[in-house]
Amino acid sequence: MTFRYFAYGSNLWVPQMRSRCPSARPIGTGVLDGWRVVYDKPSTDGSSKLNIRPGRGGTAQGVIYELSDEDRPALDAAEPLYTPIEVSVGDEDVVTYTYEGEPSDRPPYDWYLAIVLMGAASHGLATDILDKPTDSDPLAPGIRPSNDDLDLMYEILSQGVGFDDDRYYIHPGDLSWWRYHGDPRFPDHDTYWVQDDSAFVVIDARPPGEINVFARPGVDRVPLLRWAQRRLDGRGEVAWVDDSDRELITFLEGDGYEKVHIDRSYRWDLTGELPEPVLPEGWNLRSVLGENEANERRRASHAAFESTMPEAMHLQRYLDFMRSPAYVPDRDLVAVAPDGRIVSFMVWWADETGVAQIEPFGTHPDHHRQGIGRALLYHGLREMKTAGMHTCRVVTDDHREATSFYEGVGFSDVGRLHWWARR
Numbered sequence: 001m002t003f004r005y006f007a008y009g010s011n012l013w014v015p016q017m018r019s020r021c022p023s024a025r026p027i028g029t030g031v032l033d034g035w036r037v038v039y040d041k042p043s044t045d046g047s048s049k050l051n052i053r054p055g056r057g058g059t060a061q062g063v064i065y066e067l068s069d070e071d072r073p074a075l076d077a078a079e080p081l082y083t084p085i086e087v088s089v090g091d092e093d094v095v096t097y098t099y100e101g102e103p104s105d106r107p108p109y110d111w112y113l114a115i116v117l118m119g120a121a122s123h124g125l126a127t128d129i130l131d132k133p134t135d136s137d138p139l140a141p142g143i144r145p146s147n148d149d150l151d152l153m154y155e156i157l158s159q160g161v162g163f164d165d166d167r168y169y170i171h172p173g174d175l176s177w178w179r180y181h182g183d184p185r186f187p188d189h190d191t192y193w194v195q196d197d198s199a200f201v202v203i204d205a206r207p208p209g210e211i212n213v214f215a216r217p218g219v220d221r222v223p224l225l226r227w228a229q230r231r232l233d234g235r236g237e238v239a240w241v242d243d244s245d246r247e248l249i250t251f252l253e254g255d256g257y258e259k260v261h262i263d264r265s266y267r268w269d270l271t272g273e274l275p276e277p278v279l280p281e282g283w284n285l286r287s288v289l290g291e292n293e294a295n296e297r298r299r300a301s302h303a304a305f306e307s308t309m310p311e312a313m314h315l316q317r318y319l320d321f322m323r324s325p326a327y328v329p330d331r332d333l334v335a336v337a338p339d340g341r342i343v344s345f346m347v348w349w350a351d352e353t354g355v356a357q358i359e360p361f362g363t364h365p366d367h368h369r370q371g372i373g374r375a376l377l378y379h380g381l382r383e384m385k386t387a388g389m390h391t392c393r394v395v396t397d398d399h400r401e402a403t404s405f406y407e408g409v410g411f412s413d414v415g416r417l418h419w420w421a422r423r
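All the letters of the sequence shown, read from the start, carry residue numbers 1 to 423 under the working numbering.
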């Protein structure tokens, strides 16, 4: 079953709405007559949030979402101190929320207003009636929601990847993979936030929640991390913490966190001699030839990762990636059997620092332990070196089959990456 919800504040921004309620689907805009919009709902962060109050002759514009009943508890939880009410917007009977308590005279924070205005503009709604003077959030001055700061985020990651310190940075290619190969069952489940030109954080609000924070070398990450914690009401796992990152670990331990998940980090020095790929007669190592091979490439991936995604959706996801600005056909590599079946696959990402990343890599389970994946990996390493890369990185779950493979083919184990959660 479903219900309809009228959003007039920060939930106008679809990425935020879907991060809270994955089933949310905007079905139209509307106007709520007899109500006026005001910034007078007190927030625990010290600012005010948008509210509606009864007002003769007033109108409140907004977006109508259709949601699964299963998402109603999450929506209620995201609206603390508000009272749910049933109203009519045009011919639609919908649920919305109003704060009925004492009004606050504090201004909203700048990042909150940015969400509201960006959300309203994305639906073609007027923004002038929503504009208001703001304060800067003292916890994260300069923070803003981001839809189009990818170049800045790439720059921050590239600077970190090329800087030798104890922090772990995902590769710029990882970010492209997140943005252009997301799970279509959970669209917009991540929200992206940039702080000035120095740091950014990716927040996945789906339970248990996840915080991914990255800053230029030397920039303090803790204030931005605290801001993200506040966004998730104190929950959420902190991801990608290197075991040698004493600065962040000291903060996490002091804030009541403990390790809950581990990945393994591996590297290959490409400056030396590289192994020759060896395959049985009739096999071929090459890049994907185009969209006509998309379903065959997808089939191998679906089996390798034991995906539960419907095949048609899985295919469309891969096609969307192939059509994205991040896709480089020559770096989408495959091992092809004599009968034309794609058996093993690997996407590798380049960076101007000379550091390459593998994401993803896999082999159809029917062909494990036959040397097919090893040959494709060696072929990929040679392609990276030819392209001017000096280092290859890969990260994998800490399970015996994966770690044994990477260590067996010649990668160096360079550390552990932990996810941390509050006890």
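Incorrect hints may appear among the rest.
Derived SDA-like pairs (lysine to any residue); straight-line CA-CA distance at most 25 Å [as the list claims (entries may be wrong)]:
1. Lys385 with Gln316
2. Lys385 with Pro325
3. Lys132 with Gly57
4. Lys385 with Ile249
5. Lys385 with Leu285
6. Lys385 with Thr353
7. Lys132 with Thr98
8. Lys132 with Thr44
Hint data in this document are derived by calculation from the structure and do not stem from the laboratory.
Hint check:
At most 25 Å may separate the alpha-carbon atoms for a hinted pair to count; Lys385 and Gln316 exceed this at roughly 32 Å. For the given pair, Lys385 sits about 23 Å from Pro325 by alpha-carbon distance, which is consistent with the 25 Å threshold. Restraint check for Lys132 and Gly57: satisfied, since their Cα atoms lie roughly 21 Å apart, inside the 25 Å limit. For the suggested pair Lys385 and Ile249, the alpha carbons sit about 35 Å apart, so the restraint of at most 25 Å is broken.
Taken as a hint, the Lys385 and Leu285 pair is honoured in the structure, with Cα atoms around 16 Å apart against an allowance of 25 Å. Restraint check: the Cα-Cα separation between Lys385 and Thr353 comes to about 13 Å, which is no more than 25 Å; the hinted pair holds. A threshold of 25 Å between alpha carbons decides the hint, and for Lys132 with Thr98 the separation of about 19 Å falls inside it, so the pair holds. About 20 Å separates the Cα atoms of Lys132 and Thr44, which keeps this hinted pair within 25 Å; it holds.
Checked against the numbered hints given earlier, this structure breaks hints 1 and 4; the rest are met.
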